[in-house]
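**Student:** Position chains F and V relative to chain H; hints supplied.
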Amino acid sequence: MPLFKTFKITQPKEYYEKFLEKDVRPDNRELGEFRPTVLNIGCVTTAEGSSLVKLGNTSVICGIKAEVAEPASDGKKGYLVPNVELPPLCSTNFKPGPPSELAQVLSQNMVDFLTDSKCVRLEDLCIVPGKLVWSLYIDLVCLDFDGNVMDACTLALMAALRNTLLPVVTVDEDSGEITTDVSIHQKLSISKCPVSTSFIIFDKKILLVDPTSEEEDLATGALTIITEGDNLCSIYKPGGTPLTDTQMKTCIDRAFLRGREAERLIEELIDK
Amino acid sequence: MAAAFIVVRKEDLEAQQNAESCQTLRCLTSELGCLTRSDGSVSFSQGDTTVLAVSYGPAEVRINQEQYDKATVEVVYKPKVGLPRPIDRKREAILKSTLEAAIVTSLHPRSSISIIIQETEDLGSNMACCINAACLALLDAAVHMAFMVAAVAVSVMEDGQIKLDPNKKEELEGRATLTFVFDSADLKVVSVVTSGTFSQEEYKKSIDLTRLAAERVFQFYRDSLSKKLMQSI
Amino acid sequence: MRETPLSNCEREFILKCIAQHKRLDGRSAYDYRDIRIAFGVSLGCCHVELGKTRVLAQVSCEVGQPKQTRPHDGVLFVNVEMSPMACPSFEAGRQSEEGVELSRLMERCLKESRCMDLESLCIVAGEKAWHIRVDIHVLNHEGNILDCASIAAISALAHFRRPDVTVQGEEIRIHSMEDRTPVPLSIHHFPLLVSFTFFSQGKHMLVDPSEKEEKVMEGKMVIGMNKHREICTLQVTGQMLLLKEQVLRCSNIAVTKVTVITELIFQALENDKQARLKGEKHGFAELVSGEKITSNKQPVTDVPVSQAMEESEEDGSSSMDSDSEESESFTQHASEERKVEILAKGVGMIGDGGPSKWIDLTCDDDHAESKKSTKFKPELIELDGESSEEECQVVLDAS
Chain H
1 MPLFKTFKIT QPKEYYEKFL EKDVRPDNRE LGEFRPTVLN IGCVTTAEGS SLVKLGNTSV
61 ICGIKAEVAE PASDGKKGYL VPNVELPPLC STNFKPGPPS ELAQVLSQNM VDFLTDSKCV
121 RLEDLCIVPG KLVWSLYIDL VCLDFDGNVM DACTLALMAA LRNTLLPVVT VDEDSGEITT
181 DVSIHQKLSI SKCPVSTSFI IFDKKILLVD PTSEEEDLAT GALTIITEGD NLCSIYKPGG
241 TPLTDTQMKT CIDRAFLRGR EAERLIEELI DK
Chain F
1 MAAAFIVVRK EDLEAQQNAE SCQTLRCLTS ELGCLTRSDG SVSFSQGDTT VLAVSYGPAE
61 VRINQEQYDK ATVEVVYKPK VGLPRPIDRK REAILKSTLE AAIVTSLHPR SSISIIIQET
121 EDLGSNMACC INAACLALLD AAVHMAFMVA AVAVSVMEDG QIKLDPNKKE ELEGRATLTF
181 VFDSADLKVV SVVTSGTFSQ EEYKKSIDLT RLAAERVFQF YRDSLSKKLM QSI
Chain V
1 MRETPLSNCE REFILKCIAQ HKRLDGRSAY DYRDIRIAFG VSLGCCHVEL GKTRVLAQVS
61 CEVGQPKQTR PHDGVLFVNV EMSPMACPSF EAGRQSEEGV ELSRLMERCL KESRCMDLES
121 LCIVAGEKAW HIRVDIHVLN HEGNILDCAS IAAISALAHF RRPDVTVQGE EIRIHSMEDR
181 TPVPLSIHHF PLLVSFTFFS QGKHMLVDPS EKEEKVMEGK MVIGMNKHRE ICTLQVTGQM
241 LLLKEQVLRC SNIAVTKVTV ITELIFQALE NDKQARLKGE KHGFAELVSG EKITSNKQPV
301 TDVPVSQAME ESEEDGSSSM DSDSEESESF TQHASEERKV EILAKGVGMI GDGGPSKWID
361 LTCDDDHAES KKSTKFKPEL IELDGESSEE ECQVVLDAS
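Protein chains in written order, with my numbering: chain H, 1 to 272; chain F, 1 to 233; chain V, 1 to 399.
No wet-lab data here; the hints were simulated from the structure. Remember, it's a predicted structure, so these values are computed and weren't measured experimentally. In this text, a Cβ means the ideal position worked out from N, Cα and C, and glycines have one as well. Treat the hints with care, as some may be off.
[Unchecked claim] List time: in silico SDA-like cross-link candidates among lysine to any residue, alpha-carbon distance up to 20 Å:
| id | chain 1 | residue 1 | chain 2 | residue 2 |
| --- | --- | --- | --- | --- |
| 1 | V | 297 | F | 172 |
| 2 | H | 77 | V | 173 |
| 3 | H | 118 | F | 160 |
| 4 | F | 205 | H | 13 |
| 5 | H | 204 | F | 188 |
| 6 | V | 339 | H | 260 |
| 7 | F | 169 | H | 115 |
| 8 | H | 249 | F | 202 |
| 9 | V | 52 | V | 34 |
| 10 | V | 345 | H | 144 |
| 11 | F | 70 | H | 240 |
| 12 | H | 13 | H | 3 |
| 13 | F | 228 | V | 182 |
| 14 | F | 228 | V | 297 |
| 15 | H | 272 | V | 36 |
| 16 | H | 131 | V | 169 |
| 17 | H | 95 | H | 214 |
| 18 | H | 204 | F | 185 |
| 19 | F | 188 | H | 26 |
| 20 | H | 272 | V | 52 |
| 21 | F | 70 | H | 77 |
| 22 | V | 292 | F | 219 |
| 23 | V | 297 | F | 27 |
| 24 | H | 77 | F | 172 |
| 25 | H | 95 | F | 64 |
| 26 | H | 204 | F | 84 |
| 27 | F | 228 | V | 291 |
| 28 | H | 272 | V | 34 |
[Stated by the list, open to error] To list a few chain H residues with every Cβ distance to chain F over 10 Å, as calculated:
| id | residue |
| --- | --- |
| 29 | 8 |
| 30 | 44 |
| 31 | 45 |
| 32 | 67 |
| 33 | 93 |
| 34 | 96 |
| 35 | 112 |
| 36 | 189 |
| 37 | 214 |
| 38 | 215 |
With the rest of the complex left out, here is chain H:
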């Protein structure tokens, strides 16, 4: 085994420090640089909407299935049901069986992402008030887990929502029969494009954007910022090393830049 690999395995933190003191990361990235983001829209033909996101080696596939459902008692709101799966195939850290704690927290993060940003109005999912609404099952499956799954998931989720086509459903008033016209499709109206940017704190002082899973393991803290246009949708820093205001500001500024970049990526792809 080459020596630098041994060094990396035995003393991962020192290995990283050697790079970071020169303001570069072992994979040739600068501290504030994202990995190449590849987005493929509409890759699953059986789903109403789908996308595949590759963020460096991390990849997440998202499929949206639409089902007709009965609304809750007050009537007009549809359902959005996101679920994040981390199957054993994506990393050795996960075992088959019920969802891990991380998967549960990620699923909840997706729910919060949708509700905080209000990118889909639940009233838009109504077919017949009080009778029929759309229920969108959003399944996010991680295929390769190499850090920053949060950003990959949110990007895949947004791209898939933009790509979603719903068939036109009509209800016969007399017989109450439901007919679905598959030949005509309607796009989901989505006005906003929230984007998340994740950071980690290395060795209690250095901020890194878009961490790989190696970097996540060494992190002493994490931070996720979701931006939408000029507004903030969420700042999520669960514990870890305390940050100063200026450090927070730096992260927010970086998140806005990433937000514009990712928005452009989705816009241009949808346009083509």
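**Tutor:** Leaving out everything else, chains F and V in the frame of chain H:
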């Protein structure tokens, strides 16, 4: 599934509203050592929001959770109604990593420090109340901590007005709710949890306001503990 | 965490005391510890202290389908949570044997005694009915959780109010709190559980056992009874045989205990009602008095807004100068207007840092090449290593 109703009378919500004008931190109360079976326990309330928190440890750890270089921090959050939902799991995750930052875990390798939090009354700023109660429970159990943590929430109303330590009504009406956690050493930001959308300006205002309020919470910790410990001299 | 077992020494001591009609806490055999009943701000939330034993009960409701076998009835669901808060040996999320026994007895006490009129919970027969849920949380285990839990549960049910409902044709309207005053549940009677513990072949009997007494007891009898002297449940567990007279004597004791406790519940409910009517402060926060040395109270404090604003302005200006350098290096890379590369139909890429097994990055993009070359190569770093042997090997490896 339809959401379960917990009924709070309108008058009670309004009474809350009237008692507190704009930028005030609600009345804080604590009772340390209120439960007998745990190493540290506290009943803590901010206004009418009340939680119970207990801590055990450092104690024996389950073998699959053992860490050779530090103590394992476990957090259990018990909602008042029903079984824990994914949202409570997230809450546990936030609490766990916040407290992990505060506790000097390297002092107790191969052991566990567990914190159990019971929601007793959620009438606004529940998350902040949980974090403050957990910190007091750890202080009561005399667990080694690098710094204390204090959490304060604000709500951003529709018109951009910011309300400190919101009650349930303000939380529901507001456009966004931000909860900040500060450390006692340099008042840096340990955790941030937000919901809803807000601007950078509003964020800046909120963080400055909550930082001032956090100092009051730290003062409250000191008062509570010194009052308890005074007697033994 | 495992439970600390009781030592033989302690066990024998307690038994010896009981044989001499003495108890560790100075009570006589038929005495209950002090009972304190408190209600929360939300309706149907009750907190009961029995000595140091504490239980919290919360009642909630939702609209659901009635059971198919009983289409005209609402549903009552009882859930007992033995939180690790109460005792380190309780595990979160897993029901222990003790927990199962407890929930079963509570169910028998509340459901099978038919103390609640379930028919009044029906909204549309066979389709919609109220589901009432009682969550009982054991907060502190100092013995006799059962009696404490039954007081908490029935008080919470009596304190609870559900939203009013009207049915017009097919439409069901659930009125909000502002719309109509919420309605109480109709409760016929208040069944309460009283436990009796037996020692030395049933020779000695104690009411309201403490945690240590429960550990050394031989057997237990639980009587569920209301103040009309009707027995709702009766259960005997443990390895002992009881005489008819003993059972009768216990039921007679239960009568007096139940009457006293029921009175106490009514009084607590009345006090809470009066406090609410007068608009006085109520709820758990008010229970904590600032007088004890363990408790503390900080009144409502003002946080000066103007000061916060000033500080923020100062911060704003100073931070601009101090961190501009750092933030620049952090963001400069992203600030270049990056182009979106369209790789195929529906496939686009942005950014070029770091490796990816998905795409070939050795593209002929000059821009990317030049940037790469200025970057740090990993093997150069290794040259800083201490031994010369290391250096050689790394360099060789790199070439």
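**Student:** Give a verdict on every hint.
**Tutor:** Taking the hints in turn, this is what the structure says about them:
1. 297(V) with 172(F): violated (27 Å)
2. 77(H) with 173(V): Holds, because 17 Å separates the two Cα atoms, which is no more than 20 Å.
3. 118(H) with 160(F): Roughly 18 Å separates the two Cα atoms, so the pair holds.
4. 205(F) with 13(H): violated (37 Å)
5. 204(H) with 188(F): Holds, because 13 Å separates the two Cα atoms, which is no more than 20 Å.
6. 339(V) with 260(H): holds (12 Å)
7. 169(F) with 115(H): The hint holds at about 19 Å.
8. 249(H) with 202(F): Since the Cα atoms of residue 249(H) and residue 202(F) sit roughly 13 Å apart, the hinted pair holds (cutoff 20 Å).
9. 52(V) with 34(V): holds (9 Å)
10. 345(V) with 144(H): violated (23 Å)
11. 70(F) with 240(H): holds (15 Å)
12. 13(H) with 3(H): holds (16 Å)
13. 228(F) with 182(V): violated (43 Å)
14. 228(F) with 297(V): holds (12 Å)
15. 272(H) with 36(V): The given pair, whose Cα atoms are some 71 Å apart, is violated under the 20 Å limit.
16. 131(H) with 169(V): holds (16 Å)
17. 95(H) with 214(H): It holds: about 19 Å lies between the C-alpha atoms, which stays within 20 Å.
18. 204(H) with 185(F): holds (15 Å)
19. 188(F) with 26(H): violated (29 Å)
20. 272(H) with 52(V): violated (70 Å)
21. 70(F) with 77(H): Not OK: residue 70(F) and residue 77(H) at ~48 Å, beyond 20 Å, violated.
22. 292(V) with 219(F): Distance ~19 Å between residue 292(V) and residue 219(F) Cα, so the pair holds.
23. 297(V) with 27(F): At roughly 7 Å apart (the allowed maximum being 20 Å), residue 27(F) and residue 297(V) satisfy the hint.
24. 77(H) with 172(F): Given that 20 Å is the threshold and the Cα spacing comes to 18 Å, the pair holds.
25. 95(H) with 64(F): Judged against 20 Å, a Cα distance of about 14 Å means the pair holds.
26. 204(H) with 84(F): violated (33 Å)
27. 228(F) with 291(V): holds (11 Å)
28. 272(H) with 34(V): Between residue 272(H) and residue 34(V) the Cα gap is close to 76 Å, so the pair fails against 20 Å, i.e. violated.
29. 8: For residue 8(H), whose nearest Cβ neighbour in chain F is about 20 Å away, the distance exceeds 10 Å, so it holds.
30. 44: holds (25 Å)
31. 45: Consistent with the label, residue 45(H) stays out of reach of chain F, its closest Cβ about 30 Å off (over 10 Å).
32. 67: holds (16 Å)
33. 93: holds (14 Å)
34. 96: holds (17 Å)
35. 112: violated (7 Å)
36. 189: holds (18 Å)
37. 214: holds (19 Å)
38. 215: Given a closest Cβ separation of 17 Å, the condition holds.
The structure fails hints 1, 4, 10, 13, 15, 19, 20, 21, 26, 28 and 35 (numbered hints given earlier, in ascending order).
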